[in-house]
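Undergrad: Chain residues, written in single-letter form:
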Amino acid sequence: MLEIKNLTKVFNPDTINEKLALDDVSLCLNPGDFVTLIGGNGAGKSTLLNCVAGVYRQEGGSITLDGQRLDRLSEHKRAKHLGRVFQDPLMGTAADMEIQENLALALRRGMRRTLRWGVTSEDKALFHERLAALGLGLEDRMSVKVRLLSGGQRQALTLLMATLKAPKLLLLDEHTAALDPKTARKVLELSERFIREMGLTCMMVTHNMRDAINYGNRLVMMSHGRIILDVNGGEKRKLTVEELVHMFSAKAGEEVMSDRMLLS
Amino acid sequence: MTLGVYISYRILDVADLTVEGSITLGAAVCANMITSGNDPVLSLLIAFIGGTAAGLVTGLLHTKLRIPALLSGILTMIALYSVNLRVMGMSNVSLLRMTTAYSKISDWLGVNKTISVIIIGGAAAVGLVFILYWFFGTQIGSAIRATGNNPHMVRAQGINTDTAIIIGLMLANGLVALSGGLIAQSQNYADVQMGTGAIVIGLASLIIGEVLFGKRGFKSRLISMIFGAITYRIIIALVLRMGMPADDLKLFTAITVALALSLPRFRELRDTFKASISGRKRHA
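Heads up: the sequence lines are chains G and R, in that order. Each residue of the first sequence is one higher than the last, beginning at 1 in our numbering. Each residue of the second sequence is one higher than the last, beginning at 1001 in our numbering.
To be clear, the hints were calculated from the coordinates, so they are not data collected in a lab. Certain hints may be false.
As the list claims (entries may be wrong) - Below, in silico cross-link-like pairs of lysine to aspartate or glutamate (EDC-like), each with a Cα-Cα straight-line distance of 16 angstroms or less:
(1) Lys145(G) to Glu75(G)
(2) Lys1219(R) to Asp66(G)
(3) Lys80(G) to Glu98(G)
(4) Lys77(G) to Asp1162(R)
(5) Lys5(G) to Glu18(G)
(6) Lys5(G) to Glu59(G)
(7) Lys1219(R) to Glu59(G)
(8) Lys1064(R) to Glu197(G)
(9) Lys145(G) to Asp66(G)
As the list claims (entries may be wrong) - Short, incomplete list of chain R residues facing chain G, as computed with Cβ under 8 angstroms:
(10) Leu1071
(11) Arg1145
(12) Asn1150
Beta carbons: idealized from backbone N, C-alpha and C, even for Gly.
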């Protein structure tokens, strides 16, 4: 369903800081794939996700989603098909607006916005039900400003917003990296539940090797802007962190593991 | 006018200098239309539309041509100076003994000028608060509020932030031009210089409103803008009566706004100072 072909992205071209962030990357996702994307700092994982989302324009190659050229659309037009959760919990929600107002914005993703009232009573009933399913007690605080929520709560809310209207593709960009381990676990489990229940196709960037193995049906490893490993199904299930580390140093050719990856 | 500044400065998070030109534009449009015998209320409507056009120019410069917001506003403001002179035909126009919206109310209800100013001002304030509250509660209005809050999130939700900013700036400048028209009609003249410092006056009213009347819900925020503007006028009147020369007025306003805007920084400095003192005590 998602077809990335020969994608190339260069930052600061023709300057001394020129950096080849994506080097001829090709990746094909099947419907229902839950891909975990792993690699060291600067490997190009987030860049890949941002190219798909339209934050960056690529220098070469193409991105196709269900036969439609995604890379020709602007960021807000692509949003119709995509659900996104960012690394920074502050990025995914409007802090000075109420929980229900944020959800209402998400509910109309990809639809024409009109002069009809922003949050209707049917909306509220729906939000109440969905928030209750998060199990965080947010359903009783729907008119509270998002600013007052914790990072984990905001990330759970962003996740709910990203999936409120089932997206064709869910992009999770290290969305638990800024949370404490316990909250991170909760948000990850929530993510997996949504993906399973709604049958979503998902790309999840992570630094955490264990998470990359435990979640999803497919694991893709990147280094220096290239895909160096792509394991599927049964083969992936049998992977261990040690093997992954070993494969990484073997494939990457040099010792480029970041401390963050080893520690996690 | 304060409501207009509120939209650009607080909701969109842009200091929009276009208002300095659009307030005069509103006055100029009203002056031109009234002297050529048009209906004063209709002239207010046209003034509003003129203001939205000015906002549209600034919005396009900022979003499509990627000129920084501050500079876009300055460009439109300067351009409007010439436009305003064209509209008025000269640098100031007197509306004495002409039919204005105020004289209409006076004749109609048989009240004097002051009462009619209060009636129109009150009606405009109540009406605008009501309309703005409705507008920013709609789907489009929420999208605009969110854009000022977090553009990343807004784009991720499929909203064109450029469009949202343009609509916001148009509405803001439309309101400012409308108030320019009302000012011209109540003062019975329009002057090409009258917009100087308008943004600072708007900010002063905004800050006074927020400090004195709170900023809890959206509705109460809008209402506090109105009371902020009124309080600002009362303060100015008091200061003038206490004997401050009128020439110093803008200096006074600028200093007040600068102080108010730097309050958060002063608080920060005070807290670090306190912390360092208590830290020293602990060490001793």
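Undergrad: Hints first: check each against the structure and report whether it holds.
TA: Now for the hints, and whether the structure bears them out:
Between Lys145(G) and Glu75(G) the alpha-carbon distance is near 26 angstroms, which puts this suggested pair outside the 16 angstroms criterion. In summary, the hint linking Lys1219(R) to Asp66(G) is not supported, as the alpha carbons are separated by about 44 angstroms, beyond the 16 angstroms threshold. Distance restraint check for Lys80(G) and Glu98(G): the Cα-Cα separation of roughly 22 angstroms exceeds the 16 angstroms cut-off, and the hinted pair is therefore not satisfied. Between the alpha carbons of Lys77(G) and Asp1162(R) the distance comes to roughly 13 angstroms, so the proposed pair stays at or under 16 angstroms and holds.
Restraint check for Lys5(G) and Glu18(G): the C-alpha separation of about 22 angstroms exceeds 16 angstroms, so the hint is violated. Between the alpha carbons of Lys5(G) and Glu59(G) the distance comes to roughly 12 angstroms, so the proposed pair stays at or under 16 angstroms and holds. With a C-alpha separation of about 47 angstroms, the suggested pair Lys1219(R) and Glu59(G) falls outside the 16 angstroms cut-off, and the hint is violated. Between the alpha carbons of Lys1064(R) and Glu197(G) the distance comes to roughly 41 angstroms, so the proposed pair goes past 16 angstroms and is violated.
For a cut-off of 16 angstroms, the pair hint linking Lys145(G) to Asp66(G) is broken: about 37 angstroms separates their Cα positions. About 24 angstroms separates the beta-carbon of Leu1071(R) from the nearest beta-carbon of chain G, more than 8 angstroms, and the hint is not met. Nearest Cβ of chain G to the Cβ of Arg1145(R): about 6 angstroms, under the 8 angstroms cut. The hint holds. The closest approach between the C-beta of Asn1150(R) and any C-beta of chain G is roughly 5 angstroms, which is under the 8 angstroms cut-off, so the hint is satisfied.
In terms of the numbered hints stated before, the structure departs from hints 1, 2, 3, 5, 7, 8, 9, 10, listed from lowest to highest.
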